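*Asks:* Here the protein sequences line up with chains A and B, keeping their order. All the letters of the first sequence, read from the start, carry residue numbers 1 to 148 under full-length UniProt numbering. All the letters of the second sequence, read from the start, carry residue numbers 1 to 137 under full-length UniProt numbering.
I should point out that these hints are in silico values taken from the structure, not numbers from a laboratory.
Subject to a maximum C-alpha distance of 30 Å in a straight line, what follows is the list of computed DSS-like cross-link-like pairs (lysine-lysine):
| # | chain 1 | residue 1 | chain 2 | residue 2 |
| --- | --- | --- | --- | --- |
| 1 | B | Lys77 | B | Lys102 |
| 2 | A | Lys141 | B | Lys90 |
| 3 | A | Lys141 | A | Lys7 |
| 4 | A | Lys141 | A | Lys12 |
| 5 | B | Lys90 | A | Lys12 |
Which stretches of chain B does chain A cover? Using the computed rule of at least three CB atoms under 8 Å from a CB of chain A, they are:
| # | stretch |
| --- | --- |
| 6 | 28-41 |
| 7 | 51-57 |
| 8 | 67-78 |
| 9 | 81-88 |
As the structure is a computational prediction, the values presented were derived from the model and not from experiment. C-beta: ideal position from N, C-alpha, C; glycine also.
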Amino acid sequence: MSEQPRKFDPSKATSFFTGRGHPGWLGLQYSDHGDDWVELELPWREDLLGEEGQRVLASGPILSLMDMASGMAIWRAMDEFSAIATLDLRVDYVRPAREGASVFGRSQCYRLTRSAAFVRGLAHDGDAGDPVAHIQAVFMKIASTARL
Amino acid sequence: MADISDIDALTPYARSLGIALESWEDGIPILSVPFDELVEGRPDHYHGGATGGLLETAGYAVLRAELARQQRAAMLKPINITVQYLAAGKSRTSYAAGRITKLGRRSANLTVEAWQDDRSRPIATAVMNVLMAEPTN
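So that you can see chain B by itself, here it is in the shape it has in the complex (with noise of 0.2 Å):
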């Protein structure tokens, strides 16, 4: 099973925005966001940009965690997102946790959800399509 340091592995992006690894849940990494500056929109909520990013990373960890798993190498690049926006994000930490739905050779399809503190109602959900491109040296 992988662990932490097997998915150290949050862009730059993500770690700028604050995004950190919190937990893992039968192989699935758990994030989160804490509520400041960075990711605020109107007063006192989340911007949709900064609740997309966190889904996005999500669903990114996630997808490292089962290819590490398998010890596939493989340079992850976006093809598309869909985000549903459920809820107004308040001035509280977000979480976000991903699931693969379908793993291929060249792509993989997952889901994702984000919430705060009652995980049975999500703020956020996306769909993302993932391409796995053939490691560059």
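Next up, chain A with everything else stripped away, as it sits in the complex (with noise of 0.2 Å):
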């Protein structure tokens, strides 16, 4: 089956959200797309390790990892850019990422309400077989004439 044509195309749009700001400062990256899914690749990086004297990531850029790929599932699975707001966001860290090796954050938007967003996904190194984290997240659009 070939891809329906859409607006929102993470390949493109991912620089719009990864050149300023938190994904900027963690160099996320866009890795790939499907109708519903989006994955972006977080580069190893020395100053984000976790607890002192291992060589391992640190949990929080996975986190934002994850929380940024959902964002772009979302506004893929809608096929636009709105204001949306994380409102859960749950993350099992199941093993360590390897030393050196860049994180890719894959999220899949499975279901989207009028006013909700449920993604579900995962973080690899290289194997999306063999994941570092599991995640569950629920995503709010907000209306444009809610306060913020």
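Reconstruct the complex from the two isolated chains, following the hints.
*Replies:* Here it is as structure tokens:
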């Protein structure tokens, strides 16, 4: 099945989100996408390590990676960019990421309602069949009339 | 009681993000992070990931402080975290403090709150489980 033409193309839109701010600081990059999922890459960085004395990526950047990939998966599924806010995000860290490896965050928006978006995803360091983390999250659409 | 030198164990990640130890309150470290481009998501607001990173760091900090108090050496490994985002984090300093709900031999259960101007109105909360592994030499 060929992909339907869409307005929101993650391969083009990613640089808009990752060129600045927190995603820019982390150095997030576009990796891959499908109809309702987006995968971003978090390149290895020495200053993002966790526990002192260990060569293991901290868990915080993985949480940020998955939050960003989830947001983009939702815009992909909605096929438009609109304001959304994370309501609830759960991350299970099933194993440490390999030293020196990029971590890839793949999130799928499996259900959209009028006000909420439900996502699930995983983080891996090269083999999606052997994840480093699993996530589950709910985002809320922010109505344009709502106060921030 | 643990003092600041006992938990200079803010991770390299936490220091890079600008997280600092603000003060101590009944043995609990209060952490802060200034609003900066490093933490920004949509304009003038915290990125959910940055808020999550602050919560997680405050959770590890309270656990490290308690382990130091008990003179227990352990390597902390994340098991999981669930973050509840309650209000938008705006363009000002955020604070976070954790509480140990259960300290076991191998794992700890923590709750953490983050706030800005008004501590009674948290912007996010988290529940975390952390594994305490034997230190390797």
